[in-house]
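The hints should help you fit chain B onto chain A, whose structure is shown.
Top to bottom, those sequences are chains A and B.
When we follow the working numbering, the leftmost residue of the first sequence carries the number 1, and every step to the right adds one.
When we follow the working numbering, the leftmost residue of the second sequence carries the number 181, and every step to the right adds one.
Simulated from the structure, these hints should not be mistaken for lab results.
For every residue, glycine included, the Cβ atom is placed at its ideal position computed from N, Cα and C.
Watch out, some of these pointers could steer you wrong.
[What the hints assert, rightly or not] Calculated cross-link-like contacts (lysine-lysine; reagent style DSBU-like; alpha-carbon spacing at most 35 Å):
| hint | chain 1 | residue 1 | chain 2 | residue 2 |
| --- | --- | --- | --- | --- |
| 1 | B | K187 | A | K167 |
| 2 | A | K157 | B | K187 |
| 3 | A | K167 | B | K207 |
| 4 | B | K207 | A | K88 |
| 5 | A | K88 | A | K157 |
| 6 | A | K88 | A | K167 |
| 7 | A | K157 | B | K207 |
| 8 | B | K187 | B | K207 |
| 9 | A | K167 | A | K157 |
[Unchecked claim] Here are the computed distance ranges between Cβ atoms for each label pair:
| hint | chain 1 | residue 1 | chain 2 | residue 2 | range |
| --- | --- | --- | --- | --- | --- |
| 10 | B | P199 | A | R4 | 21 to 27 Å |
| 11 | B | A248 | A | R118 | 28 to 34 Å |
| 12 | A | S69 | B | G188 | 26 to 32 Å |
| 13 | B | P214 | A | P66 | 37 to 43 Å |
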Amino acid sequence: MNVRSDEDLMLAAGEGDLLSFEELVLRYQTEAWRVAYRFTGDGAEAEDLAQDAFLRILNAAPRYRPTASFRTYFYRVLSRLCLDHRRKKRPILGEPLGTVADDTYPPPERASLEERDRCIQAALVNLPADYRLAVVLRYFEGLSGAEMAAVMGRSVKAVERLLARAKSALEPQLRRFLDG
Amino acid sequence: MRCEAVKGQLTAYAADELPAEAHRAVKAHLAECPACRAEMARVDVSAGVLAGVQTPPVPLGFASRVLAAAEERQRTGLSFKQTPRRWWRLNSAPMRAAAAVAAFAIGAWGATELSTAQQTDAGRDDSQAAADAVVGEWFEAAPGESFASRYLAAINPGNEGEE
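Next comes chain A alone, as it looks inside the complex (with noise of 0.2 Å):
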């Protein structure tokens, strides 16, 4: 069977075809959650936030051109979206969803490791946004620096200073948390 390319799918949506629209959704649903989620700590902002980003990707798709990566393109406007919450709205630490179940793990250690994670995400949202975002892209979505230049529209000297500047700020509250 063809799989479309995401490039392919998003010109199509370009031209009113909303089932190739929702195969990007499907396709990209769980890193918009994952980076609005740590980008903004509260579930409905979460939400939000994700849904906002594919409505403009959708909105935006007339005029798109594959002159980069869908992936880069998608990346990028979901960073935008989570530079301009911030500027608009101070982002608060509201009620985590929890964490994955893990069965691995007894009730005990299961309860130990959501407050660990819990107070990671704390000490992310305290970050300055464009450190926050840094961390996000680089530590949970796994993006090369070439890849955050690309997204993040700076070198990427500019982008790997952000990043020891991101780290610094964050190591040591992390420090607490190394396993062993």
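Quick look at chain B alone, frame taken from chain A:
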């Protein structure tokens, strides 16, 4: 991917020097292996600790809700707008208070207009008829099958089906 293979790549992983596929493989292994995460943290604290953080799953029905919103916008021809709920959440208390006052003022004006219509319709003291006087004038030329024509049909049962 085995731990021995991963441990030999941790420094390159931290320096972002691995090819994309190898990077993904190491990342996936670190998510599952506390021992390798501890080793990773000796090289890069952020990489070691954050690799063990689990993100909650995508909310159930998320894709359906996105598609429903897209279909609604396509149907109404609206371009992207901020949803009312998001506007309310994102704006400050003074802005929300101003919006509430404006909504109340509009509602009060509407009630005043309705009251005026009631007073001028001397032949009927039926408040529903008074509403018709206001609404009917506005929706007189509404196309068939529109919300307006269906509303008029509902409030004037004798005229059902007429356009």
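Results of checking the hints against the structure:
| no. | hint | result |
| --- | --- | --- |
| 1 | B/K187 to A/K167 | holds, 22 Å |
| 2 | A/K157 to B/K187 | holds, 27 Å |
| 3 | A/K167 to B/K207 | holds, 18 Å |
| 4 | B/K207 to A/K88 | holds, 33 Å |
| 5 | A/K88 to A/K157 | holds, 28 Å |
| 6 | A/K88 to A/K167 | holds, 25 Å |
| 7 | A/K157 to B/K207 | holds, 23 Å |
| 8 | B/K187 to B/K207 | holds, 12 Å |
| 9 | A/K167 to A/K157 | holds, 15 Å |
| 10 | B/P199 to A/R4: 21 to 27 Å | holds, 25 Å |
| 11 | B/A248 to A/R118: 28 to 34 Å | holds, 32 Å |
| 12 | A/S69 to B/G188: 26 to 32 Å | holds, 30 Å |
| 13 | B/P214 to A/P66: 37 to 43 Å | holds, 41 Å |
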